[in-house]
Amino acid sequence: MGDKTDIWQGTLALMILKTLEAMGALHGYGVARRIEQTSGGLLSVNYGTIYPALIKLEQEGYISSEWGMSDNNRRAKYYRLTRAGRRQLAEEAREWEKTTAILARFFAPAKES
Amino acid sequence: MRTRRLRSFFVRAGSLFSRRARDRELAEELESHIQMHTDENVRAGMSPREARRQALVALGGVAQTEEECRRQSGLPAVEGLWRNLRHSVRLLSKKPGFAATAVVTLALGIGATAAIYSVVYATLFEPMPYPKPEQLVMVWSKGNGRRSSVSAGDFLEWKRRAASFQYLEAWTGGGTFNVATEDRPEQVQAALMTPGFFRMTGAPMFLGRDFLPDEGVPGRDHVVVMTHRLWSLYFGADRGIVGRLIRMNGEPYTVVGVTPPGMRDRQQSQLMLPLAFKPEQITHDSRGLLVMGRLKDGVTPRQADAEMQSVTRQLAEEFPQTNVNWAAGVEPLQNDFIPDATIKNLWLLLGAVGFLLLIGCVNVANLLLARGTTRRREVAIRAALGATRGQLFAQFITESLVLALAGGALGVLLGWMIVQGILAILPFQMLPSEADVRLSVPVLIFTLAATIVAGLLFGCAPAWQASRLDLNEVLKQGGRAGGGGGRLRRALVVAEFALALTLLAGGGLALRSFWNLTRLDLGVRTDHVLTFYLPVPQSRFKEPERASPYYRQLLEKIGAVPGVETATVTTGLPLRGAGQVRPFRVVGAPPPAPGARQLAGFQYVTPGYFDTFGIRVVRGRHFTEQDGDAGARVAMVNETFARRYLAADDPLAQRIAVSQPAPPGSQGNAQGSAQNGAQGGERSGSESEWQIVGVFHDTRGGIGLRDDETPVVYLPFWQSPQPRASVAVRTAGEPESVTRDLAAAVSAVDPDLPLAGVKTMDQILGETLAFDRFGVVLYGSFAALALLLAAVGIYGVMAFAVAERAHEFGVRVALGAAGGQLLRLVLGEGVRLAVFGLLLGLGGAYLVGRVMRSNLYGVSALDARAFGGVAFVLLAAALLACYFPARRAARADPMVALREE
Chain A
-5 MGDKTDIWQG
5 TLALMILKTL
15 EAMGALHGYG
25 VARRIEQTSG
35 GLLSVNYGTI
45 YPALIKLEQE
55 GYISSEWGMS
65 DNNRRAKYYR
75 LTRAGRRQLA
85 EEAREWEKTT
95 AILARFFAPA
105 KES
Chain B
21 MRTRRLRSFF
31 VRAGSLFSRR
41 ARDRELAEEL
51 ESHIQMHTDE
61 NVRAGMSPRE
71 ARRQALVALG
81 GVAQTEEECR
91 RQSGLPAVEG
101 LWRNLRHSVR
111 LLSKKPGFAA
121 TAVVTLALGI
131 GATAAIYSVV
141 YATLFEPMPY
151 PKPEQLVMVW
161 SKGNGRRSSV
171 SAGDFLEWKR
181 RAASFQYLEA
191 WTGGGTFNVA
201 TEDRPEQVQA
211 ALMTPGFFRM
221 TGAPMFLGRD
231 FLPDEGVPGR
241 DHVVVMTHRL
251 WSLYFGADRG
261 IVGRLIRMNG
271 EPYTVVGVTP
281 PGMRDRQQSQ
291 LMLPLAFKPE
301 QITHDSRGLL
311 VMGRLKDGVT
321 PRQADAEMQS
331 VTRQLAEEFP
341 QTNVNWAAGV
351 EPLQNDFIPD
361 ATIKNLWLLL
371 GAVGFLLLIG
381 CVNVANLLLA
391 RGTTRRREVA
401 IRAALGATRG
411 QLFAQFITES
421 LVLALAGGAL
431 GVLLGWMIVQ
441 GILAILPFQM
451 LPSEADVRLS
461 VPVLIFTLAA
471 TIVAGLLFGC
481 APAWQASRLD
491 LNEVLKQGGR
501 AGGGGGRLRR
511 ALVVAEFALA
521 LTLLAGGGLA
531 LRSFWNLTRL
541 DLGVRTDHVL
551 TFYLPVPQSR
561 FKEPERASPY
571 YRQLLEKIGA
581 VPGVETATVT
591 TGLPLRGAGQ
601 VRPFRVVGAP
611 PPAPGARQLA
621 GFQYVTPGYF
631 DTFGIRVVRG
641 RHFTEQDGDA
651 GARVAMVNET
661 FARRYLAADD
671 PLAQRIAVSQ
681 PAPPGSQGNA
691 QGSAQNGAQG
701 GERSGSESEW
711 QIVGVFHDTR
721 GGIGLRDDET
731 PVVYLPFWQS
741 PQPRASVAVR
751 TAGEPESVTR
761 DLAAAVSAVD
771 PDLPLAGVKT
781 MDQILGETLA
791 FDRFGVVLYG
801 SFAALALLLA
811 AVGIYGVMAF
821 AVAERAHEFG
831 VRVALGAAGG
841 QLLRLVLGEG
851 VRLAVFGLLL
861 GLGGAYLVGR
871 VMRSNLYGVS
881 ALDARAFGGV
891 AFVLLAAALL
901 ACYFPARRAA
911 RADPMVALRE
921 E
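Line by line, the protein sequences are chains A and B.
Residue -5 is where the first sequence starts when you use the working numbering, and the numbers rise one by one after that.
Residue 21 is where the second sequence starts when you use the working numbering, and the numbers rise one by one after that.
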């Protein structure tokens, strides 16, 4: 796995929130797989790291959880976004865009000077 | 964001209580994760075994994930603490002997600290039990910078002129009243106070009301307020008492109120009467009132003081004869009545128990260090399993805190008992009556803080020792105890002996001082003397001369009582001081400078006084029955008087001139007047001269017998009979045995009169020394405890050192060392530690002596005998404590040692 990019600290939460927004209710395994797929295999999630992040988000009230049945009849814990989570996601997305925009200016070929 | 963090904290804290359920759920969730991943891998064509293995790899390990999640979902610091706590309690309960020793040692120190602090807090820090207590001030007259009580004239002028005060009220001792209660007459002290006094303090009444303004007028002043204690004791706590008439000194008084329980119950005066000034009492030079005021909102004591300076300046101009050189001082009421010596004593006692606690801490630290060496293996294994230094340190500190808290809990119990003991031996009125000594909440908080500080103090050394253990070294040795920590433990013993010597030196000095006081030449014989006084109503003798036949008859009857050898009537008692302080002048001597009046104690005695009290006449003669009405007016003076005022000539050739005694009643009675403070001067009336016929040896009086420089004049009672007086008899046998017969003799003369204040002179001497005895008892017990703890401490260290070196001693014996040599070796080592500590402690002892100096009598701050004595005692204790381990060393069995090899 060494050649795959490690997830930055802090962006994992954002990815989880975004994933849950896109997928609705999803279990931890599904979230991990989805993140891996979305990144096109460039990101490696050590699946175990998903869980502390999920716990933290739930403590902060951004997501809620309940037990349910998976497609192939396995009992699993499903997470979904709360209202606060949606707000938080919107805010963080804005922040993220701003950050990337700023960084993009640094790396874009100079126009003014 | 902040609220999110807070929410998260509460969720995490809440989950501490459902840890099991949480863990189970997590395990289930991870299991379902692995299942799903495995299913998918199988679908992708893996064998089930390989599928599951891959799933586990992708997860990154179940245990690791669980640990990460646990860290996130709970509060790891709290959980660690909790784990450490449980571990500590388990460990300690496995060694009950060790735990008990440590807990009891700590409890002694913490209990003593809590008890003394409760006295200090109640006396010095606790807000007084009045609303806005900071507004209450005392206003004193100040002559030559020394504070004095206040004259009625000054008080009334102050009240009229000063604008700083909401209230300005006065009170004074009202003497003793013979109160008719339901069962029998009782003697009760009363205070007189101007009617606004209770309103000023703001303390509500328990029953009824306080005085009305017009009750401070002669003729309407026969109303009384009593304390809750008196009400419960003598009036059956009858709620219907308000409005009832009670008889006091034969006159009817209406009860108008009862004060709430507490502060007033601790006062000497249990009755309060309105203070009504008769016109002839309103003078400017009879200073006998205490004045208290309540400042207006926003006025500081300093501002009020400045205003009083200008008021007293005006008065000095308007009444130059009496008020020149008299100023006033405004002082906050809080702590205004506590002598500096008492405050210093309280701090010294707090210091002493602090030292006791420190010694206890050193002992426990030593115990823990010794135990730490036997636990090296445990620590090493934990370290090998990945415990960090911080975690090991935290674990050992937690253990210490558990011990400390157990000691603190027991200490509070012990402190409560010590407080009860202190209250039982506390001399009456040593503390202000506002001081309610108890284990109050602030005291408990202080105790908790002291406990935690103690725990950290004694916990640091062993925790540090454990956390910097060299792992490899220990595991190589197979965990056998040895080396390490020995030097630290010895240093602690040295510190302990230094602390103990400091504490014991204080005790030794107090003891020496007390010893000196008890061996003082009192100038009187206190054995076989019984004294009492007669609460004669003020209205009894319209003319003072009528008192003479009354007391003659009384003395005659008393003298006839079997067992009574001699008897006397007197207005004062030795050790209690002369009853009155009056100005005088020596006839023919140049007049003293204005404002520097000569004052002396004046006492009226019958001829039997000298034999009854065994007072030595050093020159001339004492009074005889011839010095009566018809005889020439004569006087006797004490040696201090003769030395100070009559040094130039033969004292027996001198005469002194004294203004006429004050009218009856204006001086209070013989017993109560001393407490009214300086009663300098009366109105100058006609003067009379008295020929000095004798000089007598000084008798002691003053506070705790220390004040021995008071000039005293005796005048014959028969030449100026006084309405109220004490009686003293010298008896052949036990003085108390004649009490009943004396009461019969008195009632034969005056059936209405009870004997009041019946006491032997030995009892009075005991009361006089009560302050000092209190100090000696407390210092002594704390010093004894310190001695015990120091001995236990050195015993522990030496016993452990011997056990540790059993192998070495065995080898020495095998190589031919004699038992005696080993004995000397161990003893020498213990004594060396003790001596080193004692030398260090001398410095502390010297400082303690310096601080205590003013409270001591006849002892210097570096008293060789006191210091030598306690050093010797400590050394002896050290020797004894080292002897037992030394003997064990001497009996070392070489075979045991070699077999272990």
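Any given hint could turn out to be false.
[Claimed, not checked] Calculated Cβ distances over 10 Å to all of chain B for the following chain A residues:
(1) Asn40
(2) Gly42
(3) Ala84
[Claimed, not checked] Subject to a maximum C-alpha distance of 25 Å in a straight line, what follows is the list of computed DMTMM-like cross-link-like pairs (lysine to aspartate or glutamate):
(4) A:Lys50 - B:Glu88
(5) A:Lys50 - B:Glu51
(6) B:Lys298 - B:Glu45
(7) A:Lys50 - B:Glu824
(8) A:Lys71 - B:Glu88
(9) A:Lys50 - B:Glu787
(10) A:Lys71 - B:Glu565
(11) A:Lys71 - B:Glu48
Quick caveat, the hints were computed from the structure, so don't treat them as lab data.
Ideal Cβ placement from N, Cα and C applies to all residues, glycine included.
How the hints compare with the structure:
Remark: the non-interface label on Asn40 (chain A) conflicts with the geometry, its nearest Cβ contact in chain B lying 4 Å away (cut-off 10 Å). Separation of Gly42 (chain A) from chain B is inadequate, the least Cβ-Cβ distance of about 3 Å not exceeding the 10 Å criterion. Every C-beta of chain B lies more than 10 Å from that of Ala84 (chain A), the closest at about 15 Å, which supports listing it as non-interface. For the suggested pair Lys50 (chain A) and Glu88 (chain B), the alpha carbons sit about 11 Å apart, so the restraint of at most 25 Å is met.
For a cut-off of 25 Å, the pair hint linking Lys50 (chain A) to Glu51 (chain B) stands: about 20 Å separates their Cα positions. Note on Lys298 (chain B) and Glu45 (chain B): the hinted pairing is violated, with a Cα-Cα distance of about 90 Å set against a maximum of 25 Å. As the CA atoms of Lys50 (chain A) and Glu824 (chain B) are separated by approximately 52 Å, the hinted pair breaks the 25 Å bound. Restraint check for Lys71 (chain A) and Glu88 (chain B): the C-alpha separation of about 18 Å stays at or below 25 Å, so the hint holds.
The straight-line distance between the Cα atoms of Lys50 (chain A) and Glu787 (chain B) is roughly 72 Å, outside the 25 Å bound, and the hint therefore fails. About 109 Å separates the Cα atoms of Lys71 (chain A) and Glu565 (chain B), which puts this hinted pair outside 25 Å; it is violated. For the given pair, Lys71 (chain A) sits about 9 Å from Glu48 (chain B) by alpha-carbon distance, which is consistent with the 25 Å threshold.
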